Amino acid sequence: MADDKTEKVLTRIWLEEPEPDNAFATRAAYCHGFDVYGEMLGRASWSDMLYLLFLGETPSRQQATLLNALAVALANAGPRDPAVHAAMCAGVGGSTAAASLMAALAVGAGQHTGAREVLLSMQLWTECGVDLTAWRRRLSEPRSDVAGIWPEAAHLPGFDPHAQRVSVPVRQALSCLASFGVGGCLSWLEAHRPSLEAVAGKPLSMVGVAAAGFIDLGLTPEQGEMLYLLLRLPGAAVHALEQRQVGHRNFPFFALELENDPLKEAA
Amino acid sequence: MKGPQSLLDHADRMKTRMGQAFVGQRAVFRGHDLHAELRHMDWVELFVFGITGRRFGAAPLRLLHAMWVYTSYPDARLWNNRVAALAGSTRSTPALGLSAAMGMSEAVVYGGHPCVRAIDFLLQAQRQLRQGRSIEEIVAQELGQRRIFGYGRPIHAVDERLPWLLDLARELGLDQGEHLRLAHDVERVLVARDPRLKMNYAALTAALAADIGLSISEFHHFQVPMLLAGMTPCFIEASERPPGTVFPLSCRHVAYEGRAKRRWPGPAQQNDSSNS
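Protein sequence lines, in the order shown, are assigned to chains H and W.
This note's numbering numbers the first residue of the first sequence as 1 and each following residue consecutively.
This note's numbering numbers the first residue of the second sequence as 1 and each following residue consecutively.
A portion of the hints provided could be inaccurate.
What the hints assert, rightly or not - No more than 27 Å apart at the CA atoms, straight line, and that leaves these computed lysine-lysine pairs for DSSO-like: (1) W:Lys261 / H:Lys8; (2) W:Lys2 / W:Lys15; (3) H:Lys264 / W:Lys15.
Just so you know, these hints were derived from the structure itself, not from any lab.
Fair warning: this is a prediction, and the values are worked out from it, not measured in the lab.
Let the sequences and hints guide you as you build the complete structure.
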């Protein structure tokens, strides 16, 4: 049994009180001081709980509404999205449920449409805020020449390198989220989107909207990266399950053009 | 705004020089018939060929093998191994436990990040040396900008793996490379500043890999499964114990330092107040 020399996990998030006769059994659990099963359950929404977990406080009605709407906007990027595509690849082959979500997390973690792009975009918001001149200055700065596990970002985070103009869902999401009046980034982004897109040379993406929303909620870039990964999992899950039912004979396999086939080169 | 042309160009088909499975007939691996031409390769040799597209001699391949073997520690306390063990303990699957443990090994404190930073620093420093700068100048400039990875170790300053890998490098005649010499010189400069900053496995493997001719990206890929062989034993032993008994945490193992208990606000309170 644990004594004074017990190594401990330090946490500011979660308190569990044990049953008197079993330290491994929980009698009550508190999240940032609130009794989770005794008081929150049945009263707190999913977005209340997420906000409390990440930020340590209860959200205002507007903050909870914004987070709830963001969660809906991000819940399913659809089967064309690379992360959902990855989950479907797992589902169609009968991989485990966790492998399906791990596939979506891995592919959805990157600097193109993924959580790393959210982090980088939030870092830009933290540096530049609602100052178009600061955005211009930041974009003209030379890139880092230091290698890391992440590749060099190929485009300005938060903008779509393959689009000609901002998509309707991105505009609709921005308009809806900005209307809740939480923070100043979303409303500034809605007002100055064309100017910012001109600076970026690319239209705004859903990643950019999510990043601005997370900043308005008070999240750090690291928290935004995590929450983005989490909020996109529902779509990955259901598309993986669906493709398992649809079957591999109905799932695209695509074509390869092998440029160095030894059989052809020998001929 | 360029638009979707590059997406259109790549839809439905992929041009590749990496390979193709002609199911029922043959498989091509980087321009070679896998079975007819490459079947005698051992796995690390094939892995390195897959990464680089280049063939390596017997000595470099032995050294690359050893880099993996000498750091395969089946110690379930290590964070990545512990995840493999916890997966075994909770009766998850080997692939899930190992892929999670391997994925998290691309960490800042150990594994992927130090390896990439170390080889990047050594390659850049070597270029600066050739331009006539001194080791002292190069180290001072780097330290002025960022930490130098590959030196110092959190638990113990001595890295027990180094003499074994250096011995093998010597035996194979691969201990005379310029990056290894540079790595030792950097250690000398750093240790003069702080005796704890001895070379660790990341700098040594990075230096040897650079001398073998691996690029930053190639070494990054090569080191991904470096810790894998130590993980499986941790999973297996945990899966043979009663479920849930790998380092179980009681309530007394958790030290709470957060807010005092408080009441969940009613709907009216929550509407009016936030961040109470």
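Hints versus structure:
{"no.": "1", "hint": "W:Lys261 / H:Lys8", "in the structure": "holds (21 Å)"}
{"no.": "2", "hint": "W:Lys2 / W:Lys15", "in the structure": "holds (22 Å)"}
{"no.": "3", "hint": "H:Lys264 / W:Lys15", "in the structure": "holds (15 Å)"}
The earlier numbered hints are all upheld by this structure, with none contradicted.
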